[in-house]
Amino acid sequence: MENDRIAKSDAQKNLAVTWVVATAVLILLFFIQTLVGNKYPGQSDEAWDWLIPQVFPTLTLMFGVMVARAQSAKRRDIVVRRSYYRLTLGVVIFYFIILFGVVFTAPLDFAFNETPALEHLKRSTKIVSVVQGCATITLSIFFVSEAPAR
Amino acid sequence: MKKTPGFQIITKVIILISLLAGSVSAQVQPDSATQFVIVKGTVDSSYHPRAGVLISAQRSGKTTRTDGVGKYELLILRTDTLTFTYSGMPVRSYAFFQLTGDVALSFDLVTGEGKQVAIENDKGDAQTVDQNALPMFPWPVPQPSARYTLEDRYFATARTLSQVDKQLSAALQKSHYPSSSYYLIPNGFAMVNQIEQIEPDGAPKADPAERWSLQVQPLRKFDLGNYLRLLFTSATGHFRVVVFLVTNVMTPPSSSEPDLPIAKAWLNRGGDFLPEAIGRQPYGSGYHVTALIYEFQKPENGHARPVDPSKNSGQIHLTKSNFIPNLGR
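Taken in order, these protein sequences are the chains called A and B. Heads up: the first sequence runs through residues -1 to 148, numbered per this note's numbering. Heads up: the second sequence runs through residues 39 to 367, numbered per this note's numbering.
Keep in mind that the hints were calculated from the coordinates and are not lab data. You may find that some hints are simply not true.
For each label pair, taking beta carbons as the anchor points, the in silico distance ranges come out as [stated by the list, open to error]:
#1 Asp47(A) x Gly106(B): 54 to 62 Å
#2 Lys120(A) x Gly263(B): 46 to 54 Å
#3 Ile95(A) x Ala247(B): 51 to 59 Å
#4 Pro238(B) x Thr16(A): 40 to 48 Å
Computed list of chain A residues with no C-beta within reach of chain B, every gap over 12 Å [unchecked claim]:
#5 Asn1
#6 Ala20
#7 Asn36
#8 Leu57
#9 Leu59
#10 Arg67
#11 Ile91
#12 Phe92
#13 Val128
Computed list of chain B residues with no C-beta within reach of chain A, every gap over 12 Å [to be verified]:
#14 Leu269
#15 Thr274
#16 Gly324
#17 Val345
Idealized CB from N, CA, C, for every residue including glycine.
Modelling step: build the complete structure from the supplied sequences, incorporating the hints.
Structure below.
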């Protein structure tokens, strides 16, 4: 069935757009926090050091693969299972829900548990890394997998 | 000097200070195989070296005087008694003696009427046993965020330092300050109050649990406006330590700034009450009560820093804390 498949370039584009938009929102949030609100006085670098590894390695990986695909003559013929695309998109969305959750719960953690925001971010690193690992594996498999065109 | 094997017995040094004689005596006992010991030290008053202080050893008959920087060195018998004679020195002056050698002593001493200080020394350490000896407040005082000299009319009826202390304590109690501690300063005393958390305008936190906590708790219950403020900005705690100086000596300027842990520790390191020997001193002309306000800001993600200067005057701090209104009642 035609609906079972999706052009890989389209799927990659959707995933990349999702990742880029979520990353842009996070960067904007951190930009306001560090440059406007002085949320981390004297420790802005540490806040950025937490954020950058969470989003940029995977982002550059996706762009690298997409650029390579774009230069391939067969790119229009490659399709992937739509279900697998949805699964991958779901994992990516779940990852960003976790990431945004960490950032948005920082004020509550401070207010009720007296945990400073930076410490809250650092404490979350383990769980975020686990989910990020799942998202990266899923994306990696998706970006190299191919299904025959029908 | 190296300890001899025979020097196993606890050495006790008893310092007797006499107001009337204006002298300090020290006795070293008991004896050991080594008969003599070299005693070195310094004598100063309010951190000013005292030259010419006569130090005499009763049994050995040796005498010496402190040099131009207050230092002395004397060979004495172990069971000797040292007498420090410093006529002309203000009675309540601050004195510091450091004895090194087989009996290595280091202690703060305040002259006072009938005061007795006993030192027990068995490991080269010294310990002041006198319970009424107040520690010295840092002098010159660290740079405050604000200061305010209270009007003389508040203490018009006070005749002694003890009466001033009672007035201050009563006003502080009415203002719900739970505890104070005392330090010695030249010709008077300093009263340090518990560190408190305040609003940016200088008013204490309304909730006592917050006022006396060092933790910043901006959200007692969820509020969207506060949540967004906390999301984008750093919550900052404002803290204050009020120190009252009662003295007739001008407070010398200082560029040093205290940090929050030090200011917090002031309360625990001071005396619980004003010793009688100091409290009896007359509160005469030239005496003033000056409040030093040490204010700190502690951001959510960072270390506390002293505020210099405070955006509120010393008078505002004391008024917002209800101290001045309570002092006037």
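Against the structure, the hints:
1. Asp47(A) x Gly106(B): 54 to 62 Å: Given range 54 to 62 Å: holds, Cβ gap about 57 Å.
2. Lys120(A) x Gly263(B): 46 to 54 Å: Violated - the Cβ-Cβ distance for lysine 120(A) and glycine 263(B), about 27 Å, lies outside 46 to 54 Å.
3. Ile95(A) x Ala247(B): 51 to 59 Å: violated (35 Å)
4. Pro238(B) x Thr16(A): 40 to 48 Å: Check passed, 43 Å falls within 40 to 48 Å.
5. Asn1: Consistent with the label, asparagine 1(A) stays out of reach of chain B, its closest Cβ about 42 Å off (over 12 Å).
6. Ala20: Non-interface label on alanine 20(A) holds, nearest chain B Cβ at 17 Å vs cutoff 12 Å.
7. Asn36: The claim is violated: asparagine 36(A) sits with its nearest Cβ about 6 Å from chain B, within 12 Å.
8. Leu57: holds (24 Å)
9. Leu59: Consistent with the label, leucine 59(A) stays out of reach of chain B, its closest Cβ about 30 Å off (over 12 Å).
10. Arg67: Consistent with the label, arginine 67(A) stays out of reach of chain B, its closest Cβ about 39 Å off (over 12 Å).
11. Ile91: holds (22 Å)
12. Phe92: For phenylalanine 92(A), whose nearest Cβ neighbour in chain B is about 22 Å away, the distance exceeds 12 Å, so it holds.
13. Val128: Holds, since 25 Å exceeds 12 Å.
14. Leu269: violated (5 Å)
15. Thr274: Answer for threonine 274(B): violated, closest chain A Cβ roughly 9 Å.
16. Gly324: holds (45 Å)
17. Val345: holds (14 Å)
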